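Q: Spelled out, the chains give:
Protein chains: 2
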Amino acid sequence: MSLLVVGSVAFDSIQTPTQTRERILGGSATYFSYAASFFAPVRLVGVVGEDFPAEHTALLKSRNIDTSGLHVIPGGKTFFWKGKYLPNMNDRETLEIELNVFGDFRPKLPDAFRRSEFIFLANGSPVTQMSVLEQATGPRLVVADTMDLWIRTQHGELMALLKRIDGLVMNDSEAKLLTDDENLVTAGHKILKLGPRFVVIKKGEHGAMFFSEHETYVLPAFPTERVIDPTGAGDSFAGGLMGYLASRGNFEPQTLKEAMAYGILVASFTVEDFSLDRLRRITKGDLDLRMERYRKMLSF
Amino acid sequence: MSLLVVGSVAFDSIQTPTQTRERILGGSATYFSYAASFFAPVRLVGVVGEDFPAEHTALLKSRNIDTSGLHVIPGGKTFFWKGKYLPNMNDRETLEIELNVFGDFRPKLPDAFRRSEFIFLANGSPVTQMSVLEQATGPRLVVADTMDLWIRTQHGELMALLKRIDGLVMNDSEAKLLTDDENLVTAGHKILKLGPRFVVIKKGEHGAMFFSEHETYVLPAFPTERVIDPTGAGDSFAGGLMGYLASRGNFEPQTLKEAMAYGILVASFTVEDFSLDRLRRITKGDLDLRMERYRKMLSF
Numbered sequence: 001m002s003l004l005v006v007g008s009v010a011f012d013s014i015q016t017p018t019q020t021r022e023r024i025l026g027g028s029a030t031y032f033s034y035a036a037s038f039f040a041p042v043r044l045v046g047v048v049g050e051d052f053p054a055e056h057t058a059l060l061k062s063r064n065i066d067t068s069g070l071h072v073i074p075g076g077k078t079f080f081w082k083g084k085y086l087p088n089m090n091d092r093e094t095l096e097i098e099l100n101v102f103g104d105f106r107p108k109l110p111d112a113f114r115r116s117e118f119i120f121l122a123n124g125s126p127v128t129q130m131s132v133l134e135q136a137t138g139p140r141l142v143v144a145d146t147m148d149l150w151i152r153t154q155h156g157e158l159m160a161l162l163k164r165i166d167g168l169v170m171n172d173s174e175a176k177l178l179t180d181d182e183n184l185v186t187a188g189h190k191i192l193k194l195g196p197r198f199v200v201i202k203k204g205e206h207g208a209m210f211f212s213e214h215e216t217y218v219l220p221a222f223p224t225e226r227v228i229d230p231t232g233a234g235d236s237f238a239g240g241l242m243g244y245l246a247s248r249g250n251f252e253p254q255t256l257k258e259a260m261a262y263g264i265l266v267a268s269f270t271v272e273d274f275s276l277d278r279l280r281r282i283t284k285g286d287l288d289l290r291m292e293r294y295r296k297m298l299s300f
Numbered sequence: 001m002s003l004l005v006v007g008s009v010a011f012d013s014i015q016t017p018t019q020t021r022e023r024i025l026g027g028s029a030t031y032f033s034y035a036a037s038f039f040a041p042v043r044l045v046g047v048v049g050e051d052f053p054a055e056h057t058a059l060l061k062s063r064n065i066d067t068s069g070l071h072v073i074p075g076g077k078t079f080f081w082k083g084k085y086l087p088n089m090n091d092r093e094t095l096e097i098e099l100n101v102f103g104d105f106r107p108k109l110p111d112a113f114r115r116s117e118f119i120f121l122a123n124g125s126p127v128t129q130m131s132v133l134e135q136a137t138g139p140r141l142v143v144a145d146t147m148d149l150w151i152r153t154q155h156g157e158l159m160a161l162l163k164r165i166d167g168l169v170m171n172d173s174e175a176k177l178l179t180d181d182e183n184l185v186t187a188g189h190k191i192l193k194l195g196p197r198f199v200v201i202k203k204g205e206h207g208a209m210f211f212s213e214h215e216t217y218v219l220p221a222f223p224t225e226r227v228i229d230p231t232g233a234g235d236s237f238a239g240g241l242m243g244y245l246a247s248r249g250n251f252e253p254q255t256l257k258e259a260m261a262y263g264i265l266v267a268s269f270t271v272e273d274f275s276l277d278r279l280r281r282i283t284k285g286d287l288d289l290r291m292e293r294y295r296k297m298l299s300f
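Here the protein sequences line up with chains C and A, keeping their order.
FYI, the numbering for the first sequence is 1 to 300, going by the numbering used here.
FYI, the numbering for the second sequence is 1 to 300, going by the numbering used here.
Honestly, the hints are just simulated from the structure, not real lab data.
As the structure is a prediction and not an experimental result, all values here were calculated from the model.
Among these hints, one or two may not hold up.
All copies of an identical chain are treated as equivalent in the list; a pair is satisfied when it fits inside any one copy or across any two copies.
As the list claims (entries may be wrong) - No farther apart than 27 Å at their CA atoms in a straight line, the calculated lysine-lysine pairs in the DSS-like style are these:
| id | residue 1 | residue 2 |
| --- | --- | --- |
| 1 | K284 | K190 |
| 2 | K190 | K296 |
| 3 | K77 | K193 |
| 4 | K296 | K193 |
| 5 | K203 | K163 |
| 6 | K203 | K190 |
| 7 | K108 | K190 |
| 8 | K257 | K296 |
| 9 | K284 | K203 |
| 10 | K203 | K84 |
| 11 | K193 | K284 |
For reference, chain C alone in the conformation it holds in the complex (with noise of 0.2 Å):
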């Protein structure tokens, strides 16, 4: 099935405690279009400068990305983000970022993506989230990303925006931040209880959490010795479980479970190494290698 993304692309450059890089790809909608596109076809729809490389367009489309959405601005700059991760790998300060063309992102989406029939609205204002689904024709299931920003700042816009997705994912503090309550499960229930139909709860190392009416449930991440930098693993986590689903069709119960499983180990590759350059070294048959571990370490 269709498979739709909105989201940025852009240029990060890291310093993690022993590395730094300057100026790779990064981006919510670069990362999560890779790393569903080991399942499905994908529709990017993103901006960026006229300093962004046709080397990194030319590698999303040689995976059968769709980059007729990804919008070029004559004597732009791409979106710019500049972060440093603490020893800890998991808490990260912002150094510098340049909103750049992504400041005036308004997505059109090209007539031939309006009809997507999975959509994933990446984090972005709930504004900008709701005026792509006010562009797409009868989409069977949208999922959305969100961040502290959006709830401080827009809360009512978000609180509109939640009663129209069918899936939310957001990950720890953020849940706990839209729902003041400081236990997953309780926050979990209660986000439910504010539109969406599913509600997933990023963990980092520690995996995540799944709720629905029915179900709630936890997996945890692959355990990895290689984290060198954890930039894009929540983006590349929602690209897995949306890029299952769109292969598969459906997202019954069962799938969803095997797809969040799916976002969890392409998301633990990514972390193997900057921006897409673990990702960009496997293959469907890894992830299916390392789904077969992970299955027997959860399994007793």
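Dock chain A against the given chain C, drawing on the hints supplied.
A: Just chain A now, with coordinates in the frame of chain C:
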């Protein structure tokens, strides 16, 4: 098989964000014993003062816990701890601590306890823990807990102990401290090199990790909305784990994984009320029911 625990028996005064309790039954050996007693008889070695109510001892005895190693010091006062949980219900502050008779605790195993096959050395100084081992005759499995205090102040003694035990159980921050490594997977492997044949790293609400030469895995905590008091969760986990192993009489990889799961589930009940209050209201059948739900949660 026979199971021995040596550790603290205490009074706890506890403040959570919503409730407080004064001088309730606590202590590592208390939680351990009660948790283990769902699976196997337990031999307890500890020390209390004359102020320790007979009803507490009677409670333990009613669970097939042999308290003949629980020394009562005439005129002495029982170990007392007062603590306060922060709103996240994970971090806590010690407000008051009175070691009392526990300060002079020199565990002496009753003759009948020396030949115990499974031994758990609850948190205590590595010197005290070693003194227990010196009184034991040919145990089949020795597992110890430790804490930041001993890692910092009795490092050499702890290193000597690690060479004498089969398994080490500790929490995540302690594993990081011991290895100076922020990645728990790397930390687990480093600790294996210090002596133990297996290492368990407890992650509180995020579950527990297991490491041996051939295996690395993580099992999530059982998601519960009702977190009333996390005190004793770690010791209950260890009790469930060791109790199950003792009941099975082996520590094969498959048995160990089942034991990890039972440990996680007993702990998930412990946190649902103060002291032993929740554990006192459940049966082995409730544990098995939760195990069924846990297995289902982890299968897809």
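Q: Against the earlier hints, flag every one the structure doesn't satisfy and list their numbers going up.
A: 1, 3, 7, 11
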